[in-house]
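Trainee: Sequence:
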Amino acid sequence: ECYKETLRLAKDASSAATRAKTFNRIGGLMADQEDFDDAMKACDKALVLFAKVKGESVVEMGETHQIIASIHESQGDYDKSLECFEKAYQILLSRLGPTDLVVALALNNLAINHARRRDFSKAFEFCSEALKIRREKLGADHLDTCDTLYNIANIVDEWGKIDEAMAYYTEALESYRCTLGPEDLEVANCFQYIGTLHLKKEEDDQAMRAFVESLRIYQLHDEESPGMGIILLNLGKIYNRRKDYEKAIESLAHSLRIQKAERSDENEIAATCDQIGVAYAGKGLISEAKKFYQRALTICMDDGKQDTVENAGVLAHFGSVLSDDEAFDEALKFLHDALQIFNRDVGEESDEVAGILVEIGIIHNKRVDYEEALKLLTSALKIRSTLFGRDDMKVGLTLFEIGKVMEEWGDSDEALDTYAEVIRIVKIHFGQRHALVAESLKRIGSIHVEK
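For the sequence shown, position 312 (counting from the first letter as 1) is numbered 312 according to the working numbering, and the numbering increases by one without interruption.
These are computed hints drawn from the structure, not numbers from a lab.
The structure displayed is predicted, hence computed values, not measured ones.
Hints may contain errors.
Stated by the list, open to error - Calculated cross-link-like contacts (lysine to aspartate or glutamate; reagent style EDC-like; alpha-carbon spacing at most 20 angstroms):
| hint | residue 1 | residue 2 |
| --- | --- | --- |
| 1 | Lys375 | Asp413 |
| 2 | Lys394 | Glu202 |
| 3 | Lys21 | Asp35 |
| 4 | Lys427 | Asp204 |
| 5 | Lys333 | Glu352 |
| 6 | Lys122 | Glu158 |
| 7 | Lys21 | Asp37 |
| 8 | Lys291 | Asp302 |
| 9 | Lys283 | Asp325 |
| 10 | Lys427 | Asp392 |
| 11 | Lys382 | Asp351 |
| 12 | Lys200 | Glu164 |
| 13 | Lys291 | Glu268 |
| 14 | Lys247 | Glu266 |
| 15 | Lys333 | Asp369 |
| 16 | Lys366 | Glu408 |
| 17 | Lys394 | Asp351 |
| 18 | Lys87 | Asp44 |
| 19 | Lys394 | Glu349 |
| 20 | Lys132 | Glu171 |
| 21 | Lys137 | Glu171 |
| 22 | Lys394 | Glu421 |
Take the sequences, apply the hints, and build the full model.
Mentor: As structure tokens, then:
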């Protein structure tokens, strides 16, 4: 209302600059309120007036181009938004120089646009330049500097550079602690992302510590937000890996309640249902597991995500539990669908593909098709040995399934050698007192009795 009154008063020709700035402010306000049509009209009027009053290359005109770019970005038109961000950057750079804070903001906007287009190299370049300016002008502990570090961490994380992302998130974490205090929600967000990176690296202990600290901070703020739902989902994944299924179900059920209350992203709800299915399957409650797997699949289908890697993970889990229930034909259908997606989107030499090959190999072994089972399991072993080395636990687990095939096929000497190798690998990681060592020794004993 104040800006409208300004426009009414500034009607004479000498007030054109004031009118231009006012239209600029109105455009920004309307864009914030998602009234994009009126925001665009106000920005267009501002550009016309700026061009008449001061010529093409003025700071205010650059700022108006940034507002227009943000409107296009909000509407998902990243090509037009990039064009406007680039125009704004050139105007601001020419007038203010390469070390101005307004130029840093323009660089940050360009970085975010390129990140959304998955052009991570350019995104990193622009954001790094913005960080350099903000550090020099504002200092390491200014909130804008912290936010830029956090943005770079996000970019590198999306780029798949886990170790670099860990370093930037850790630096952002320390900066936020100094600037906002040790229990601010931005600190919690950094812990959450650090935990996620540890989870990707299967460093469950470090991931657990990061997630628990993040959860503690959220609880201090009484924040049952989507972020807290994701933390509880990730904790559930770790509990599932540890076979602590009661704690997994408790954590995942809490996550699901938050996701429903906050109307979270459907993909997150599907992932939570999938993990609840894993927990019930681990407890041997197959019918309950099936219900949650089916729910996850239905969400993916309804959301048009049936051909995605996320859905492939659900298909793989569902196939595994159907195999345990001896519904082999149905299990193979799910597993082959998952294998097709993983081959296409993750790569034929990925651990995801190896995991599916193992599951299909187990089914063929149960069906007494030993030759096909051995072929599939050997392919999985080759992939995992290449990815992780001969001493990795995933290699040991794959060898254990190969040993079972050899034993049941009647090749007892080969089975003995294979079980001995399983024991060697497990001892490296867990020592003598491990269930897989016990099971391997039991099978070795049975073979000697047979002989």
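Trainee: Each of the hints needs a verdict: does it hold here or not?
Mentor: Each hint tested on the structure:
no. : hint            : result
1   : Lys375 / Asp413 : 19 angstroms, holds
2   : Lys394 / Glu202 : 12 angstroms, holds
3   : Lys21 / Asp35   : 19 angstroms, holds
4   : Lys427 / Asp204 : 19 angstroms, holds
5   : Lys333 / Glu352 : 17 angstroms, holds
6   : Lys122 / Glu158 : 13 angstroms, holds
7   : Lys21 / Asp37   : 18 angstroms, holds
8   : Lys291 / Asp302 : 16 angstroms, holds
9   : Lys283 / Asp325 : 13 angstroms, holds
10  : Lys427 / Asp392 : 11 angstroms, holds
11  : Lys382 / Asp351 : 10 angstroms, holds
12  : Lys200 / Glu164 : 14 angstroms, holds
13  : Lys291 / Glu268 : 17 angstroms, holds
14  : Lys247 / Glu266 : 23 angstroms, violated
15  : Lys333 / Asp369 : 17 angstroms, holds
16  : Lys366 / Glu408 : 10 angstroms, holds
17  : Lys394 / Asp351 : 9 angstroms, holds
18  : Lys87 / Asp44   : 15 angstroms, holds
19  : Lys394 / Glu349 : 14 angstroms, holds
20  : Lys132 / Glu171 : 14 angstroms, holds
21  : Lys137 / Glu171 : 18 angstroms, holds
22  : Lys394 / Glu421 : 13 angstroms, holds
This entry does not satisfy hint 14, going by the numbered hints stated previously; all others are met.
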